[in-house]
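Engineer: Line by line, the protein sequences give chains A and B. Quick note, in the working numbering, the first sequence goes up one by one and the last residue is 667. Quick note, in the working numbering, the second sequence goes up one by one and the last residue is 251.
Hints were generated in silico from the structure; no laboratory data involved. These figures come from a predicted structure and were not determined experimentally. A couple of the hints might just be wrong.
Taking beta-carbon pairs under 8 angstroms as the criterion, some of the chain A residues facing chain B (in silico) [what the hints assert, rightly or not]:
id: 1; residue: Pro35
id: 2; residue: Glu97
id: 3; residue: Arg98
id: 4; residue: Pro102
id: 5; residue: Glu141
id: 6; residue: Gln142
id: 7; residue: Lys245
id: 8; residue: Ser455
id: 9; residue: Tyr457
id: 10; residue: Asn479
id: 11; residue: Gly527
id: 12; residue: Asn533
id: 13; residue: Ser535
id: 14; residue: Arg647
id: 15; residue: Leu649
Here are some, though not all, of the chain A residues that point toward chain B, as calculated from beta-carbon distances under 10 angstroms [what the hints assert, rightly or not]:
id: 16; residue: Arg105
id: 17; residue: Thr384
id: 18; residue: Arg485
Where is the CB? At the ideal position from N, CA and C, for every residue including glycine.
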Amino acid sequence: MSQRVVVIGGGLAGLAASMKLAEEGIAVDLVSMVPVKRSHSVCAQGGINSTNKFTRAQGDSEQKHFDDTVYGGEFLNNQPMVKEMAYWAPKVVNLLERIGVPFNRSDEGNLAVRRFGGTLYKRTVYAGASTGQQLLYGLDEQVRRFEAEGRISKYEFWEFLGPILDDQGTCRGAVVQDMFSLELKALKADAVVMATGGCGLIYGKSTMSMVCTGGANARAYKAGAFYANGEFIQVHPSAIPGQDKLRLISEGARGEGGRVWVPREPGDTRHPGQIPEGERYYFLEERYPEYGNLVPRDIATREIFAICKSGRSVDPDTYCVYLDLTEKATKIKRQVLEHKLGNILEIYEKFVGVDPLDEPMKIFPAVHYSMGGLWVDYVKDTRTGGLVAGEPANQRTNIPGLYAIGECDYQFHGANRLGANSLLSCIFSGLFVAPGIKSWLKNMTGTAAADQPASLYEGALARHRDAYKALINSDGDENPYKLHRELGELMTRNCTVVRDNGELRETVSQLGELAERATRLKMTDKGNWTNQNLSFTRAVVDMVDLARVIAAGALARDECRGAHYKPEFEIPAPTATDKDELERKADQWCQRYYKQNQEWLKTTRASYTGDGPQLSYEPVDAAEIPPRPRTYGIVGAEIIERVWRERYLAKAETLGHEAELSASAGT
Amino acid sequence: MPETVTVRVQRQDQRGGRPYTQEFRLPYKPRMNVISVLQDIACEPRTASGEDTTPVAWDCACLEEVCGACSMVINGKVRQACTALVDNLLKEQPVIDLRPMTKFPVIRDLVVDRSRMFEALKQVKAWIPVDTYGDVGEGPMIAPEQADSRYPKSRCMTCGCCLEVCPQVNEHSDFIGPQAIAQAVLFNEHPTGAMTAATRLEALMGPGGISDCGNSQNCVKACPKEVPLTEAIAIAGRATTWHAIKRWFTK
Ligand SMILES: Cc1cc2nc3c(=O)[nH]c(=O)nc-3n(C[C@H](O)[C@H](O)[C@H](O)COP(=O)(O)OP(=O)(O)OC[C@H]3O[C@@H](n4cnc5c(N)ncnc54)[C@H](O)[C@@H]3O)c2cc1C
Ligand code: FES
């Protein structure tokens, strides 16, 4: 019998995997809750990173892209995967160019480039300010080509309910449901690929699309897949508030010259246009002379929080600062910015009613991206430090036959993702997983999915049928929409920018209560046709389960790393007027940072139990680029960098090899 | 600011079902859009006269007008629900009116079946037929003007607004519609796509093709993304004419 692969999700990751598998001659069933062309990837604005001609001429290389990515992720990324991705990046962009993505061009016809956060090079190629849309369409077109040839079958408006595992625990297919007729189907598959994106809706409102509940990821987790580094959630510094969504204003705005500022005087309520240059505090530029407005997102967001706490927020109700694209601040002509940033200028104007080229934008931080996700494996090439292509273990979860790629995997971005690296990791992991799956199919022992006993699939169908019928008929006293809002508020309050163990403990216990309440939901629609109530309510239950992973991981991790910030465990910056005293304090700082890495340079792995997640830890492979203080050249940190270089760097080289493994911590 | 918002929704329980109208009254909130109105209805589905009902079904995803999912007829005009702000709608009329698009079969309430648009993309072969996804180097150099000409067409989000307003798209016609014609042009303008331009032109030359365009120019006015639809139709019109002549001479 012929072998098949089921891909769940048709964002950039799922489409890249589908087209590559189809090219390899493998039959693909592609399942998505929305027509794949409407997947969340369509929202990406700013661009995709790769070393390019222009940066190379300035001394850039794939190795530097690799370094920027692990420094940005505060060394929590397993380096072989990041290295492979960075070295693949130019090839990924070449392919995108060849399939016709309308990137902006330089005068000479090369790909135009812009700078993004966490790097000093202009490594980002883009298509206006709607790059995700253009990339998604590019891949969607390739998939349609195979669909027209009958080599890919699409299941659009079908929802993934869970993987089908045989007695040995190998994945043999997936149960999916038609969102119109509610018909269930057991898709037989020799490999199932999760490409189901992020989980921002756990926070109620975020910058993400309405399908980004993480429900599918939770279903894999509840079937036994590990969920890794859940506590690392990116809060983007620049969004605009709305009743239904927090809309992003891309980092590309700063990449093109946008400047962040607040009035220097706290409580200055003058209109921004009336505040003279000398009375504006460009706090990122002043504090980070090298990176300026393009420090990584976790840092920019914390700086915005701190500046607003000091009474300088430009909005009385929220933590808001100005992002200034006016010619007065940027010295860049209107037409130039309209050409390069059109889409985000439109978004701001449509939702706020102000032209951001006339008046500075008011922006505030919003939940944006999940660094954590389904745990995946890899096979390291000890010769190159990258990966061995074509190994079935690459991108595989701990369930044989079940893979994860794109935002729903956990790996490429460590403790904080750099802008424009996600589109890359999605497409890279999608393309890279295919040859591994091909080997898995070729060398599979035992029977193929098509020859599995019918009872395996019938049993799975019966279980899911019972579960959804029970849910549709549930008549409890809890409103799923209100419960979701409560969840979002709780998580936004306690599991975002600043974290505190007291609050986290409280959150973990409240989430336990929410999980209990989520067993008593009330359905307002009991019909069997296009029941959106059903799909949402199911996702609410899943969101609570994933929220427990995030909160438990955050509570357990007693350190500051990337997006995970607990002031209680912050190592205070060395200050002293006496030179020797300062040197001594810098040494103490480095020593503490070294110890912190000894203790915490490890991946959190959550496994599901009915009472919440069970945590364990796994060492990180940071063998090639040893951890170093992540200062981004903040004024005053020079001494830390020097002391580290002189006295700790050599020692740190062993950190990535010997990161201590603490036994299962539990919660 | 008003205290409440009143919304009239045209509903339909299933494919081919009979449409009916329900009115809802909700507390006003600042920065509301049609999506948040529908979310509030879903949370507590009760009509203005106090009867419990089912939540209204509708389509949406991105909520920032890039995915094309949420098109509907709002206050008599087809547009995206996510960028339809309540404050602006109330300036148009006191009761907000929501209906499904009329040129597509209704699935339920405001959800319609737009699969014909995706089928049309297959018909015009809207893709670049590359040789391989392997590592064979860079793509062709492209002049900035050419990239700038393609980009606006590549922003078509398959939302259906142009078909909704096109008089030539109706039950009695097979007209493929402006969206697919513009997409054919998008690929013909790419250096690699140009090599297979003939197959796309031929797809537009048969029944339901470009000659069915009645030049009403409604499409370009209704397009939320300002895709240059009429310009693309003109380009495709000229190209198909030339192609027909050429084919005739080389027969
Ligand atoms: C506003 C915004 C701007 C961004 N800009 C950039 C940028 O400029 N550069 C960058 O690198 N990154 C950017 N990102 C991040 C990046 O867009 C995402 O991380 C990336 O697109 C995720 O792609 P994906 O393929 O993993 O998932 P998605 O695109 O989210 O796709 C998930 C797919 O899974 C399907 N799915 C989900 N659940 C189920 C289920 N239960 N059953 C069936 N199907 C299901 C969905 O239908 C969808 O097809 C941005 C993110 C946001 C929110
Ligand atoms: S929800 Fe995507 S266009 Fe409105």
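Engineer: Grab the minimum C-beta distance from asparagine 479(A) to chain B and call the hint holds if it beats 8 angstroms, violated otherwise.
Structural biologist: holds (7 angstroms)
Engineer: Hint check: is the beta carbon of arginine 105(A) less than 10 angstroms from a beta carbon of chain B?
Structural biologist: For arginine 105(A), the interface hint holds, since the closest Cβ of chain B sits about 4 angstroms away, which is under 10 angstroms.
Engineer: Can you verify the interface hint for proline 102(A): is its Cβ closer than 8 angstroms to any Cβ in chain B?
Structural biologist: holds (4 angstroms)
Engineer: Hold the hint about arginine 485(A) up to the distance rule: shortest CB distance to chain B must be less than 10 angstroms.
Structural biologist: It holds, given that the least Cβ distance between arginine 485(A) and chain B is near 8 angstroms, below 10 angstroms.
Engineer: Does threonine 384(A) hold up as a contact with chain B if the rule is Cβ-Cβ below 10 angstroms?
Structural biologist: At 16 angstroms from the nearest chain B Cβ, threonine 384(A) fails the 10 angstroms test, so the hint is violated.
Engineer: Double-check lysine 245(A) for me: the hint is only fine if its C-beta lies closer than 8 angstroms to a C-beta in chain B.
Structural biologist: Holds, about 4 angstroms.
Engineer: Given asparagine 533(A) was flagged as interface, is its beta-carbon under 8 angstroms from a beta-carbon of chain B?
Structural biologist: At about 6 angstroms, which falls below the 8 angstroms cut-off, the nearest Cβ of chain B leaves the hint on asparagine 533(A) intact, so it holds.
Engineer: Holds or violated: is there a CB of chain B closer than 8 angstroms to the CB of leucine 649(A)?
Structural biologist: violated (36 angstroms)
Engineer: Answer holds if the nearest beta-carbon of chain B is closer than 8 angstroms to that of glycine 527(A); otherwise answer violated.
Structural biologist: holds (7 angstroms)
Engineer: Let me know if the C-beta of glutamate 97(A) comes in closer than 8 angstroms to any C-beta of chain B, holds or violated.
Structural biologist: holds (3 angstroms)
Engineer: Are proline 35(A) and chain B close enough, Cβ to Cβ, to be under 8 angstroms, as the hint says?
Structural biologist: holds (7 angstroms)
Engineer: Go through the hint on glutamine 142(A) and say holds or violated, using the shortest Cβ distance to chain B against 8 angstroms.
Structural biologist: For glutamine 142(A), the interface hint holds, since the closest Cβ of chain B sits about 6 angstroms away, which is under 8 angstroms.
Violated hints, listed in ascending order, are 8, 9, 13, 14, 15, 17; each of the other numbered hints is respected by the structure.
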